[in-house]
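Student: Chains as they are written, first to last, in the working numbering: chain R, 1 to 384; chain P, 1 to 116.
Hints in this document: simulated from the structure, not taken from any laboratory.
Don't take every hint at face value.
[As the list claims (entries may be wrong)] Below are the EDC-like pairs computed for lysine to aspartate or glutamate, each with C-alpha atoms no more than 20 angstroms apart in a straight line:
#, chain 1, residue 1, chain 2, residue 2
1, R, Lys264, R, Asp276
2, R, Lys139, P, Asp90
3, R, Lys251, P, Asp90
4, R, Lys139, P, Glu2
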Amino acid sequence: MPDAFITGFGEYLEKQSSLSFFELLSKAFIDAIKMANIESDEIDGLVFATATGTIEDPPLRSLLLDQVANFLGLKNLRYMDIVDYGGASFNGMIYRAYRAIKDEYANAVLVLGGGKGTIRKKISTNFFTRYHSNFLNVKEFAPTSDYAMIALRYSYEYNVSDESRALVAVRERSNASLNPNALFRSPINVNDVIKSPIVSYPLRLLECTMPIDGFSAYILTSEFKSKRSEITPIKIQGYGEAHDPRVITEKENILDNPVPLSSKMALKRANISLSDIDLFMLYDAYTIMILLEIEGIGLAEKGKGWKFVEENDFSSSSTYPINTNGGTLNMGQPAYMSGGVILTEALRELSGLAEHRQIKGIKYALVNGLGGILNHSTTLILGV
Amino acid sequence: MEKISILLEKYNEVYNEGFFPVIKCKKCGYTTQVLRNRCVRCVSDSLEIIRISSGKIYSYTIINRGLDEVVAVVIVDADGVKVKGNYVGDQKYLKIGNLVRSTIIENKTVFTPLSQ
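Please put together the full structure from these sequences, using the hints given.
Tutor: The following block contains the structure:
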C-alpha cells in the first residue's frame, strides 16, 4: 500500500479582505503547490470545507466543489470530497486525502478550507438549532453564548475562577508576540483579559477569537511525488474522530465532549504516548475550549486543566508547547473555523519554518480540532 | 406517527400559553426540548408534549455584545430535562441553582425569578 505525506501548505489570511472568496482560496492554493513543487495538472484529488455565509452570493453554494475545481482549473480529478463539521473539518480533510492516496484513488490531493468570515451576517437566533426556523425561539448569540454557558458551568463544577480561565489568553498572547503574522502581539496580563468587555458572560472579548477572511491549503502526495517537496514530507502518524451532534441541552452534562475519544484513537493508531508529543495545537475559538481539550487529551485530570495552564506557559521551549503561533485568539478565525490556522502552525514547526518560536528537535505534533458546540472532535498526529 | 408540522403546532400552543414545551416519549419516558417525531432513545413514535413551568438554573449567560440589546439566556434543569430559554428579570438573581418559572413577557415565553 502506498504511503502519503503532506508536502506543501499555504495560508492566506486577512483581517478583512477586498478579495473575493475565490481569489482568497487561490492565494493559499498557489503557495501550497509551490512548496510541494507540483503542477495543478497533477492534482487528482480535492477535499474542501467552508462555512455557511462566508461566500459572496452569487455564486451560490450549489455545486460549490465543482466551482472551486473549475476556478483552479483542476481537470484531472479522480477523487472529490466535502467535509462539513465546522472547525474540526481540517483534520478530517487531511485524513480523507491521506486515505484516498493510500487506497490508490489519487496521487496528489489538494485540501482547501476557509472563506470570508467578515461578510457573514450577525447571528442572533437559532443558528445551531435544527429542523425548523422557529424551533426554541431563543434569542442568543451562538456559538458564543453556548460556549459562555459551558464556561460558567465549568467554573461552577470545578470551582474555577474567571482569572484561571483568562490565563489561557495570556499564555497564547505571549506566544503570539513571537509570531510576526499574528494580529495581536502586545503582551497582556490576566487583569487585561478580565477588564476587556464582556461578550457573553463570563467570556470576555480577549477570550474570543475574531472572525477574519482567508483560506488554508494543503497538498498531500504519494511517496514518489513527495520527493520533490521543498519541505521534509510530513507523515500522518495517527488520526481519530468522534462526533456527538446533540445540542447542549440534550447532554447529561454540558461539559461532555468527544475529545477523549478522538484523541485516544489517534494516539493508539500512532502507537505513541502523550509524552512523545512535542507540540499541541489545540482548537481555541474560546479559552474554555483549551481547558476542555487539555483535560480531554489527558494532559490534566478532569477539572484540573486550569491548573495545568498555571504550571505550563505554552512556550516553544517548555515541556508542553501549546499553540506556538498564538492560536486563533491572536491570529483570527477565517470562516468561523480555527482548524486550518492551528494545523498550518503544526506543519510550520515540523518543517523547521517557525523562526523564533521553533521547537528544537520536534518530531511529533498533535492537532485537535473542534466543531459545533463541542459536537465534533478530530485529532491528527503528524510526524517527521 | 404524527407529522412534525402537527407536533410543532402543539409545541407552539404550549409555548404561547406561557410554558416551555418538551417532547416526552410515552414508551420510555425520554424527554427533550428538541422537536422530533420519533424518540431518539427507543425509536417509538408515541410522543406527547408536556409543559415545563419551572426549574433550577443549570447555567446562564448575559450577552452584552453582538445583539441589538443585552439578552440573558438560561439553561434550566426541570426534573432532569434541560430547557433553554431567554431570561427576563433581575440580573443579580442569575445564579446556578436558583429557581425560575416560565411566564409570558411581550408575547414571548421566558423564564423569570420564581419568587417574583
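Student: Does each hint hold? Answer for all of them.
Tutor: Hint check results:
1. At roughly 14 angstroms between alpha-carbon atoms, R/Lys264 and R/Asp276 fall within 20 angstroms of each other, so this suggested pair holds.
2. A distance of roughly 18 angstroms separates the Cα atoms of R/Lys139 and P/Asp90; the hinted pair therefore holds under the 20 angstroms criterion.
3. A hinted pair counts as satisfied when its Cα atoms are at most 20 angstroms apart, and R/Lys251 with P/Asp90 does not qualify at roughly 28 angstroms.
4. Using a Cα cut-off of 20 angstroms, the hinted pair R/Lys139 and P/Glu2 is violated, with the two alpha carbons roughly 28 angstroms apart.
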